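Undergrad: Okay, here's what each chain looks like letter by letter:
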Amino acid sequence: MVQKHYLPIIGVALVILLVAVTLSALTLGPAGISVRQTVAIVGAGPSNNMSTTFTQAQHRIIWQLRLPRILSAMVAGVVLAVSGMVYQALFRNPMADPYVLGISSGAAFGVAFAAFLGVVGGATGMWQVPVVAFLGAAGTALVIMVLSGGVRRSPTTLLLTGIALNFLLSALMTLFMYLNRTQLQSIMQWTLGSFGTASWSKLGIMGATATLGIVPIMFLTRELDILLLDEASALSIGVSVKSVRLLLLILSTLATSVTVAFCGIIGFVGLMVPHIMRLVTGPRHKPLMLFSTVGGALMMVGADTLARTVLGASELPVGIVTALAGAPLFIILLANHRKENR
Amino acid sequence: MHEAVGTIRNLTWAYRNKLLFNKLHTEFPSGAFISIIGPNGSGKTTLLRHLLRILPSPRGSIVLPQGDLHDYHQKDLARHISYVPQQSRLEYDFTVYDCVAMGRYSHGGRLAVLSPEDHTLIMQSLLAMELSHVADRLATELSGGEYQRMLIARALAQQSHVILLDEPVSHLDVHNQREILTLLRHLVDQKVATVICVLHDLNAVSAFSDLVIMMRAGEIVAEGPAHEVLTKERIEEVYQVAVDIIQREGHLPPIILPHWR
Numbered sequence: 001m002v003q004k005h006y007l008p009i010i011g012v013a014l015v016i017l018l019v020a021v022t023l024s025a026l027t028l029g030p031a032g033i034s035v036r037q038t039v040a041i042v043g044a045g046p047s048n049n050m051s052t053t054f055t056q057a058q059h060r061i062i063w064q065l066r067l068p069r070i071l072s073a074m075v076a077g078v079v080l081a082v083s084g085m086v087y088q089a090l091f092r093n094p095m096a097d098p099y100v101l102g103i104s105s106g107a108a109f110g111v112a113f114a115a116f117l118g119v120v121g122g123a124t125g126m127w128q129v130p131v132v133a134f135l136g137a138a139g140t141a142l143v144i145m146v147l148s149g150g151v152r153r154s155p156t157t158l159l160l161t162g163i164a165l166n167f168l169l170s171a172l173m174t175l176f177m178y179l180n181r182t183q184l185q186s187i188m189q190w191t192l193g194s195f196g197t198a199s200w201s202k203l204g205i206m207g208a209t210a211t212l213g214i215v216p217i218m219f220l221t222r223e224l225d226i227l228l229l230d231e232a233s234a235l236s237i238g239v240s241v242k243s244v245r246l247l248l249l250i251l252s253t254l255a256t257s258v259t260v261a262f263c264g265i266i267g268f269v270g271l272m273v274p275h276i277m278r279l280v281t282g283p284r285h286k287p288l289m290l291f292s293t294v295g296g297a298l299m300m301v302g303a304d305t306l307a308r309t310v311l312g313a314s315e316l317p318v319g320i321v322t323a324l325a326g327a328p329l330f331i332i333l334l335a336n337h338r339k340e341n342r
Numbered sequence: 001m002h003e004a005v006g007t008i009r010n011l012t013w014a015y016r017n018k019l020l021f022n023k024l025h026t027e028f029p030s031g032a033f034i035s036i037i038g039p040n041g042s043g044k045t046t047l048l049r050h051l052l053r054i055l056p057s058p059r060g061s062i063v064l065p066q067g068d069l070h071d072y073h074q075k076d077l078a079r080h081i082s083y084v085p086q087q088s089r090l091e092y093d094f095t096v097y098d099c100v101a102m103g104r105y106s107h108g109g110r111l112a113v114l115s116p117e118d119h120t121l122i123m124q125s126l127l128a129m130e131l132s133h134v135a136d137r138l139a140t141e142l143s144g145g146e147y148q149r150m151l152i153a154r155a156l157a158q159q160s161h162v163i164l165l166d167e168p169v170s171h172l173d174v175h176n177q178r179e180i181l182t183l184l185r186h187l188v189d190q191k192v193a194t195v196i197c198v199l200h201d202l203n204a205v206s207a208f209s210d211l212v213i214m215m216r217a218g219e220i221v222a223e224g225p226a227h228e229v230l231t232k233e234r235i236e237e238v239y240q241v242a243v244d245i246i247q248r249e250g251h252l253p254p255i256i257l258p259h260w261r
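As given, the protein sequences belong to chains G and S, one line each in that order.
Residue numbering for the first sequence follows the numbering used here, beginning at 1 and increasing consecutively.
Residue numbering for the second sequence follows the numbering used here, beginning at 1 and increasing consecutively.
Derived from the structure by calculation, the hints contain no laboratory data.
Mixed in with the good hints there might be a few duds.
Keeping only pairs whose Cα atoms sit at most 16 Å apart, straight-line, the calculated EDC-like set for lysine to aspartate or glutamate is [claimed, not checked]:
| id | chain 1 | residue 1 | chain 2 | residue 2 |
| --- | --- | --- | --- | --- |
| 1 | G | Lys-286 | S | Asp-98 |
| 2 | G | Lys-242 | G | Asp-230 |
| 3 | S | Lys-232 | S | Asp-244 |
| 4 | G | Lys-242 | G | Glu-231 |
| 5 | S | Lys-75 | G | Glu-315 |
| 6 | S | Lys-191 | S | Glu-3 |
| 7 | G | Lys-4 | S | Asp-98 |
| 8 | S | Lys-23 | S | Glu-219 |
| 9 | G | Lys-4 | S | Asp-136 |
| 10 | S | Lys-232 | S | Asp-201 |
| 11 | G | Lys-286 | S | Glu-219 |
| 12 | G | Lys-4 | S | Asp-93 |
Here are some chain S residues the structure puts well away from chain G; computed CB gaps all over 10 Å [as the list claims (entries may be wrong)]:
| id | residue |
| --- | --- |
| 13 | His-25 |
| 14 | Gly-60 |
| 15 | Gln-66 |
| 16 | Asp-71 |
| 17 | Ser-106 |
| 18 | His-119 |
| 19 | Gln-158 |
| 20 | Asp-173 |
| 21 | Thr-182 |
| 22 | Asp-201 |
| 23 | Glu-236 |
In this text, all values refer to a predicted model and were calculated from it rather than measured experimentally.
Each residue gets a CB set at the ideal place from its N, CA and C atoms; glycine is no exception.
So here's chain G without its partners, still in its complex pose:
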């Protein structure tokens, strides 16, 4: 944890870094658009103005492909980082996040199952996908609660239940892929994560749900702090533990499921970002949430840019990049944490 008076400086530095990374993300790519052109195109606005500095095709690449994609990555990064932070507090466990608990898999399973039954995909509208994703994620969250609720609810029990569900859901999705090979590609997409199909209309739905899920959490940071205490203490301090927990679970699950519906399962961001930011801010959720918001956006835009540029012409699923970057860093953090604490 750094001294409190350094936090604004680090915060501003992170925001500047985010702007820089976003600008590079807009510029980078096979089309060869320069920074000067990028700035001019963004400045020109969404309607295609004729200009001497850029071509119509370049304008289209920035406004129809890269900008919605980068903004989607930002929204997904914010949602996953904040949801990870919430799950870590709810289950009083630093290992919790939407991916580990199986909530992301639940959402992907919902979409895969609906696609298997022919409910979504093809001619259906765009809003069905987030709905089935939410149903899948909420169902998974409910099963976690029920399975671990009968026993005295310990954080470990909850986590193990989530991990077991993750195994089950992954197996079922593999089964769908096996049974229905024509849909292999689209189901694979959800299990590995990608922003390749981002569009303004999808971004609209994602952004709206993310706002609906994440903004109320900003008003619950004090409760999140107190939930880190034992349940008796939290109750005696005045937090209605059961209803606050349920509310937080619904909010973060809603935001996560819609993100998964459009971008697939992207692991480690929800685990990593709050962890790294906690090293800066300490455990208090008010600064932690602000920093995780910026950090989540930063990490996801960076990971996606890497995913679509590192192989040149072809593209990596972003979930692979976050896992490759996230897992080793997590092991390092874990080692440092143990050294510090004991």
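Put chain S on the given structure of chain G with help from the hints.
TA: Only chain S this time, still in chain G's reference frame:
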């Protein structure tokens, strides 16, 4: 004594088909240091947990000044009763100040902003518990005695009428035990709060309490001033241990000596 901060009426409670309380009845007078004592498993902690509304509703009722316990909003309950848990340990790196600030939750609004009044009260609570010099330290770095005082400071910041404590000194050395119980006694004497405390050390009970409630197997076997409750015969019967009670001169409390062998 004055009006009651809480009254327990016909409390009946079974856990896993085993009846623990059968029509328990007692009253907690305002402005007193109340000790709840009794052998392990006699229901002391369970009674506290009912007062905190942590357990499912029992039969019978618990009446607080503003009505039935179960009609209280969680924040209103927190403003009436605060709680110092038994040997809790924090796993997160909150500072001492942050921990005490949590006590202000039930007085705050929706936004997680502490008012100047909150800050004053937090500092006063730290000062009262002799912790102002460690306010910026991490709670995880405190000694056992300091940690316990921090939890009491949090309860003070909560400005509740009643502070419940579950064996607050059982894992501390004699010096820290006396220091914490003396601080609690001051809180009662200065009319800051009513203290209801589960204790094991009968000498501490006899030295600090105004009212002693002695329990055995879910029943209250005696309640009253320490010198009335803590008689040789009753202690020997309830605890199944032979004791000597040595009277001291003046107003000093007697010394209760169990026969170890």
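Undergrad: Compare the structure with the hints numbered earlier in the document and write down the numbers of the violated ones, lowest to highest.
TA: Structure breaks hints 5, 11, 17 and 19.
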